[in-house]
Amino acid sequence: MVKLSSRLCLSVFAMMLSFFVYAQDSLKDEKPQMAEAFRSSGKIYVVVAVLVIILIGLFLYLVNTDKKISRIEKNIK
Amino acid sequence: MFLKNWWKLLSFFLLLYTFTAGFLGKVPARPILNETIRNLYFHVAMWFGMMIFFIVSVIYSIKYLRHNRPSDDIYAVEFARTGIVFGLLGLITGSVWAKYTWGDFWSNDPKQLGAAIALLIYLAYFVLRNSLTDLDKSARISAVYNVFAFAMLFPTIWIIPRLVESLHPGGMGNPALDTKDIDSRMRVIFWFGAIPGWTLLGVWITTLRTRLQLLSLKHELHG
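Here the protein sequences line up with chains A and B, keeping their order.
All the letters of the first sequence, read from the start, carry residue numbers 1 to 77 under our numbering.
All the letters of the second sequence, read from the start, carry residue numbers 1 to 223 under our numbering.
Among the hints, a few may not be true.
As the list claims (entries may be wrong) - Far from chain A by the CB rule (all over 12 Å, computed), these chain B residues:
| no. | residue |
| --- | --- |
| 1 | Thr-18 |
| 2 | Trp-106 |
| 3 | Ala-116 |
| 4 | Leu-128 |
| 5 | Phe-154 |
| 6 | Ile-160 |
As the list claims (entries may be wrong) - Estimated spans, in silico, between C-beta atoms of each pair:
| no. | chain 1 | residue 1 | chain 2 | residue 2 | range |
| --- | --- | --- | --- | --- | --- |
| 7 | A | Glu-73 | B | His-67 | 21 to 27 Å |
| 8 | A | Lys-77 | B | Lys-99 | 48 to 54 Å |
| 9 | A | Thr-65 | B | Phe-126 | 39 to 45 Å |
| 10 | A | Val-50 | B | Asp-104 | 26 to 32 Å |
| 11 | A | Val-50 | B | Phe-154 | 35 to 41 Å |
| 12 | B | Leu-9 | A | Lys-68 | 16 to 22 Å |
| 13 | A | Met-15 | B | Leu-128 | 38 to 44 Å |
| 14 | A | Val-46 | B | Glu-165 | 38 to 44 Å |
The hints are simulated quantities; they were obtained by calculation from the structure and are not laboratory data.
No residue lacks a Cβ here, since even glycine has one placed at the ideal position from N, Cα and C.
Chain A on its own, in the form it takes in the complex (with noise of 0.2 Å):
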């Protein structure tokens, strides 16, 4: 189970990394207007870092609540 996950984690991993490669050619056709502006000043990193934080909040809440529940599943039985 535990080979079998991890292996599983690491296929996942390999294939994102993927999107790296990817991110090294240029667009081709440039003619619909995309958000270039936003991109190169940088200021992208903003929205990401802000949903990271919420995300990462997100997920310690339910960590959280998670252990909560466990503790009365224990308790109760």
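Fit chain B to the given chain A structure using the hints.
Only chain B this time, still in chain A's reference frame:
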């Protein structure tokens, strides 16, 4: 501990990946859509989650009808509930997206209507459930209803929207995942990041609710 919970950690990392690569990664430049094409990782993932939860829900309903175990009924209800939450989020995010691409929050598009009808059918599942006071009867009748509600998903979100003209991408074929619209780098984030990430998050929330329900069931039985 890790053996039982590794998928929760996986969900976190997949969503972390979706949120970072989803915004920092390059996307194909398309007219009208522009940067909103990134909504694929969030809006479309909601619908996939909803479909998966409804499928799991109907499996548990059938299981309940076969074996009469109260725990199966609890699983069916909670998965349907998470499915509705994801579906409503999909509907709301879709209409925000539609406002800035199609020009209106709601334009009576066949896909919007189909999704809304499907959600109403599932909301009726809860109305039906809660209107019956006898626990056993309520579980049994709502399990039968759930099978019909699931059957209604086929015409409302899988068949009719594919047959009629629509503003939605892929009006005459597969919605949203057309090769004309997205490319392989987006597909990787979508299939390996967003879909499993959001789905596992939904499963986690559902298991929290089912565990609480099972506890209260035990409490009722043993006092």
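Here is what the structure says about each hint:
Once the 12 Å rule is applied to beta carbons, B/Thr-18 is inconsistent with being away from chain A; the minimum gap is 9 Å. Its beta-carbon lying about 25 Å from the closest one in chain A, B/Trp-106 satisfies the requirement of being farther than 12 Å from that chain. With a cut of 12 Å on Cβ distances, B/Ala-116 stays outside the contact zone with chain A, its closest approach being about 27 Å. In this structure B/Leu-128 is separated from chain A by more than 12 Å, as the shortest Cβ-Cβ distance comes to about 28 Å.
Its beta-carbon lying about 31 Å from the closest one in chain A, B/Phe-154 satisfies the requirement of being farther than 12 Å from that chain. Here B/Ile-160 stays apart from chain A, with its beta-carbon at least about 31 Å from theirs, past the 12 Å limit. Distance hint check: the CB atoms of A/Glu-73 and B/His-67 are about 23 Å apart, consistent with the given range 21 to 27 Å. Taking the beta carbon of each, A/Lys-77 and B/Lys-99 are about 51 Å apart, inside 48 to 54 Å as hinted.
Evaluation of the 39 to 45 Å hint for A/Thr-65 and B/Phe-126 yields a failure: the beta carbon distance comes to about 22 Å. Under the hint 26 to 32 Å, the C-beta atoms of A/Val-50 and B/Asp-104, about 29 Å apart, fit the expected range. At roughly 39 Å, the beta-carbon separation of A/Val-50 and B/Phe-154 lies within the given 35 to 41 Å, and the hint holds. In this structure the supplied range 16 to 22 Å holds for B/Leu-9 paired with A/Lys-68, their Cβ-Cβ distance being about 19 Å.
Checked against the hint of 38 to 44 Å, the pair A/Met-15 and B/Leu-128 passes, with Cβ atoms roughly 43 Å apart. The hinted window of 38 to 44 Å between A/Val-46 and B/Glu-165 holds, with their beta carbons roughly 40 Å apart.
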